[in-house]
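Protein chains in written order, with my numbering: chain U, 2 to 268; chain W, -15 to 688.
It is worth saying that the hints were derived from the structure and are not from the lab.
Please note: incorrect hints may appear among the correct ones.
Short, incomplete list of chain U residues facing chain W, as computed with Cβ under 10 Å [stated by the list, open to error]:
| id | residue |
| --- | --- |
| 1 | TYR21 |
| 2 | VAL76 |
| 3 | ASN77 |
| 4 | SER80 |
| 5 | GLU86 |
| 6 | HIS93 |
| 7 | ALA97 |
| 8 | LEU98 |
| 9 | ARG106 |
| 10 | LEU110 |
| 11 | THR115 |
| 12 | PHE121 |
| 13 | PHE123 |
| 14 | LEU184 |
Note that the structure is a prediction, hence the values are computed from the model and not measured.
All residues carry an ideal CB built from backbone N, CA and C; glycine is no exception.
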Amino acid sequence: MQYEQKHRDALVDMIDIHKYFGSVQVLRGIDFHVDRQEIVGLLGDNGAGKSTLIKVLTGFHSLTRGQIYFDGEAVNIYSPHDARELGIETVHQDLALVPLMSIARNFWLGQEPTYEIGPFRFLDKKMMARESIQALADVGIHIRDSEETVGTMSGGERQSIAIGRAVYFGKKLLILDEPTSALSVGETQKVLDYTIAAKEKGMSVIFITHNIRHVYEVADRFTIIERGHKLGDFYKSEVTENEVADMIVTGQIPERLRLYEEDAVGD
Amino acid sequence: MMQAYLDRKQEAANIGMMVTALMFGFAILGIAVAYMVAFWWMPLGDYVNIRLDDFNTYEYIVIIASLIYAAGCARTAIGLSSREKSSLRWSQWMYFITVMIGGAILLSVIIPVGLKFSLLLGQNIDLRAIINNDVGGLAPLALSIGESLISLSLLAAGLVALIALLVFLIPPLESLREMDGIRMIVAPPRRFVLAIIAVLAVGVIGVLIAGAYVVPLYPGTTTIRDAENHRLLAGLLFFLPGLFGYRLVRQVEEESDELRRAIALTPGKFIRAELAKSPSAGAIIGFIAIIMAFTMATDLFLEPSSVASFLSNIATKGVIAIGVTYLMISGEFDLSVGSILGVTALSFMNFMTHGAPIFGVMEPVPAALLAIFIAFILGAINGVLLISTRIPSFIVTLGTMLAFRAITLVAIAGGRILRYSDHHEALPVIGISNIVFLVLAVIGLLVVAFTAYRVLPVLYRGAMHAWSIQNDNGDFGTTGAIIRSVLLAVVLLILLALVIWLLAVLSYHGSAGGGEMVEVGYFDLFNGRVLSIGSEGDFVHVQIPRNANVRLAIIWWFSFVIVFHVILTSTSFGNSIFATGGNEGAARAQGVNVDRVKLQNFAIVAVLTGIAAIYETARNPGVDPNKGTGWELEVIAMTVIGGALLTGGYGSVVGSLLGALIFGMLQTGLVLVGIESRLFSGTIGVIIIVAVILNTFVRGARQN
Ligand SMILES: Nc1ncnc2c1ncn2[C@@H]1O[C@H](COP(=O)(O)OP(=O)(O)O)[C@@H](O)[C@H]1O
Ligand SMILES: [Mg+2]
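Please put together the full structure from these sequences, using the hints given.
Below you can see the structure in the form of structure tokens.
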């Protein structure tokens, strides 16, 4: 099947995305796009398919059907490695860090800096320690010892490290999957601050949550999905926080908004 | 408020007095031990039987060590009384060392006595007859019941003592929360510590009573002799007051903020933190405990011949254990290594006797390479099956274990043994040009030069830095600087010695001119017997005792350990192995190709197993179809003892080395002690469980 790119200027344009796990149809034809320097709140109740959608985008799951355009080009993302190469960094909801490994090793996992002795390449442990401490400090996370094991840290600390890593390595797109679920009010505010900072640096952000309160303040647009379908895209100017919250719960678009919705679909 | 503050200050001062006085006491005790060993007697067991008339190496070591210890105590005590800045930290270390010494001496009583008692139990019948003659009546029954109880309580006390030492390393819970800086593992409540110390005390009293009242049980062996009683006393003298002093210092530390700041890192915390970092911590403890136990129980254990024989025996399994550790860290499992070993050994032998399809009858080296390649293929089959079917590796390799075994069983029908000597007159010999040795010597020199270039500047800077800050660190600063300088000198000397030796090798082979051939047995290259290190007239010349069977595989094994340790800890590949086993999803999400990592690890296990098969065959050029049966579980046992987690993500190559050593020591040691070899698997079973408990305990909060 041929797919037309719908949003020509978008950074990411996912078209007619289907994802089936055997007979379980988790995503049933979702169109999703992210513009440049845009913060998109990807919303939906638990089990709606938000994590699955971004796992498809980051190469963690293969597509059943559909097409992804990135930076204006049709791409095949076969593995998370491919996604990282494209400049996509992700903080997964359930797959953030390896608990038995140190902070520095987690931070650099998959792209460790090395130095060469003859034909052999060894981890540059000094650089790994120095840079990870520095990079995390830059995003406001102060760790004492980069050799500390992640498993001994609190949920909030771990989440912060995963976010710090994504912010440090992210080039074009930052994906945060329920980043605030384990965080205190203060830490949540910090995450929102990085999100805005990332946008100001020229990146786009996908911010996933099932709690609109966490994201309403920073997001430019909301995409709501419901049981594998997209309910709609709404710019912040169009909707109130309460309306979005209602849509997430009821899965219905209020009368007042249907008009906008048809416009959005029609373009 | 003020009064309370003054009270606490007074209390701290009192404690300070006690700490100082005790420290002086230990200085005197140290001198007393040296004196007793030198001029009187201080029985240290069968092996170290020290008397005035027969001075031996151990005596010198004990004398020098106790004098150094006494000097350290005295210096610390003086520092304490003149309120030197860092003296409190030093006293904490000294008390810590004291407790360790005491604990070690106590264990050296408890373990052999416990072993002897269990030995007696195992030989009930003969023994009873002897006792019958001596005592008669109901006494033997009473004795045997009493012995069983004592024996059990002693073994328990021994274990508890070990655990107590460990628990002791943990600072009390309350102080943990205050400690910013190092996040520590949750400590057990104090009640637990107290209970352990109480049980320990009961056990020790049991030994005392037993030692005083149990008579010699059969000719030539005594259960508890004077020697052990004296050692018990010495151990108690070190252990209990040492423990007391250590607790006191810790209390001072908790009392006063100022003092606490003076104590940067307490010994308990330091060691605990270091142990928690290392997956092989449990194995290290077990390793030391087992060496101590067997050394005390029998003179034969540290004989060069026993050491050589257990090392040679265990080297092949140790090589496989390295690979299995890799695989286990990446979260997988291989039950087929025993069968792969069988197939490789068989192919190797078959290529040399009957020949391979294309190559015909082969020389040993190409045959070995081809056989190892076959092992590689088998490993790749395991890996590909796992990745393509996603069936758990336990099932996949259970299947291939049986399937691969069928190859050897079918190829050598009737359970015969395929022997090299049935097909060839003599063992193969190879001539090696002395140019090879020249090249090796040059490479050695380059390695030494590189090491010197990397290590010496660091050590030199460290020493200079220590000298420059000696005054800031109080009087002990000088000691630290001296230690660093000595370290520098020692490393320098070792490097220098290596250079001279390598130059000697160079000139020896160089003067002989190129092209001269040195004849070496082909099989000896793989796993030959080492007769001496260097030869007559060389700079370094160590003659290995005639009865010591030192095999080349030991050296291969240790080299593999080093190489694979470096790969695991210092390359990205090693990092991905840990990540794959620790959290496969997270590893994949960060772009690690977990399937490739697993496939590579299956191949690594198989190739190492193949190499091990060559060693086995070279040592004994005959292959029976059941070669390697049961090895898979033994190797997994070694790996688990070495601290690897069955669930993946945790483990170390050094751990596998220690696990294999523990395994080998038990195998040899139990025989030497006289415990039936049938009990071996039972013992190993207990050791595995104890090891896993220890490892889990040490690992504490790392496992989340
Ligand atoms: N690997 C999988 N196999 C089968 N079903 C899955 C898998 N992953 C997710 N699902 C199902 O897909 C649905 C959506 O999951 P998810 O994307 O995690 O939802 P969300 O992130 O929106 O809460 C859930 O019902 C879940 O059970
Ligand atoms: Mg989710």
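Hint check:
Because the smallest distance between the Cβ of U:TYR21 and any Cβ of chain W comes to about 18 Å, over 10 Å, the interface hint for this residue is violated. Interface restraint check: U:VAL76 against chain W, minimum CB-CB distance 16 Å, threshold 10 Å, status violated. Checking U:ASN77 against chain W: minimum C-beta separation of about 16 Å lies over 10 Å; hint violated. Hint status for U:SER80: holds, given a least beta-carbon distance of 7 Å to chain W, under 10 Å.
For U:GLU86, the interface hint holds, since its Cβ comes within 10 Å of a Cβ in chain W; the closest pair sits about 8 Å apart. Annotation: interface hint on U:HIS93 holds; nearest CB of chain W at approximately 5 Å, less than 10 Å. Checking U:ALA97 against chain W: minimum C-beta separation of about 6 Å stays under 10 Å; hint holds. A cut of 10 Å between beta carbons decides the hint on U:LEU98: the least distance to chain W is about 6 Å, and the hint holds.
For U:ARG106, the interface hint holds, since its Cβ comes within 10 Å of a Cβ in chain W; the closest pair sits about 6 Å apart. Of the supplied interface hints, the one on U:LEU110 holds, with its beta-carbon coming within about 4 Å of a beta-carbon of chain W, less than 10 Å. Because the closest C-beta pair between U:THR115 and chain W is about 6 Å apart, less than 10 Å, the hint holds. With 10 Å as the threshold, the beta carbon of U:PHE121 comes within range of chain W, its nearest partner Cβ sitting at about 8 Å, so the hint holds.
For U:PHE123, the interface hint holds, since its Cβ comes within 10 Å of a Cβ in chain W; the closest pair sits about 5 Å apart. A cut of 10 Å between beta carbons decides the hint on U:LEU184: the least distance to chain W is about 18 Å, and the hint is violated.
Going through the hint list in order, the structure does not satisfy hints 1, 2, 3 and 14.
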